[in-house]
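Given the sequences, and given the hints that come with them, work out the whole structure.
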Amino acid sequence: MTNKTSDSSEALQDEIRRQFNSSQMTRFLRSMPAFRLDNDMPESIRDMLAQLDRVENQSRNRYAAD
Numbered sequence: 000m001t002n003k004t005s006d007s008s009e010a011l012q013d014e015i016r017r018q019f020n021s022s023q024m025t026r027f028l029r030s031m032p033a034f035r036l037d038n039d040m041p042e043s044i045r046d047m048l049a050q051l052d053r054v055e056n057q058s059r060n061r062y063a064a065d
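Here the sequence shown stands for residues 0 to 65, numbered as in numbering that gives the first Met the number 0.
Just so you know, not all the hints are guaranteed correct.
Computed Cβ-Cβ distance ranges for the label pairs, DEER-style [said to hold, decoys possible]:
id, residue 1, residue 2, range
1, Ala-49, Asp-6, 36 to 42 Å
2, Glu-42, Ser-8, 37 to 43 Å
3, Asp-52, Gln-23, 32 to 38 Å
4, Ser-21, Met-47, 22 to 28 Å
5, Pro-32, Ser-7, 33 to 39 Å
Calculated directly from the structure, the hints in this document are not laboratory data. We put the beta carbon where it would ideally sit given N, CA and C, even for glycine.
So, in structure tokens, the structure goes:
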């Protein structure tokens, strides 16, 4: 029973990850005001967001390799 629960949990995680990485989700989120980047954002915030993007991409690439 534990394996079945574990398998369904992993399948759910994979499906959620797939949907959040879709181009449709990206377009949808960019259309929402809360997810738009502010052009007047301080440089320090832009630097932190760029660093976050790099770390997320590294993590995503590691996950894809597994």
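Which hints from the list above does the structure break, by number from lowest to highest? 3
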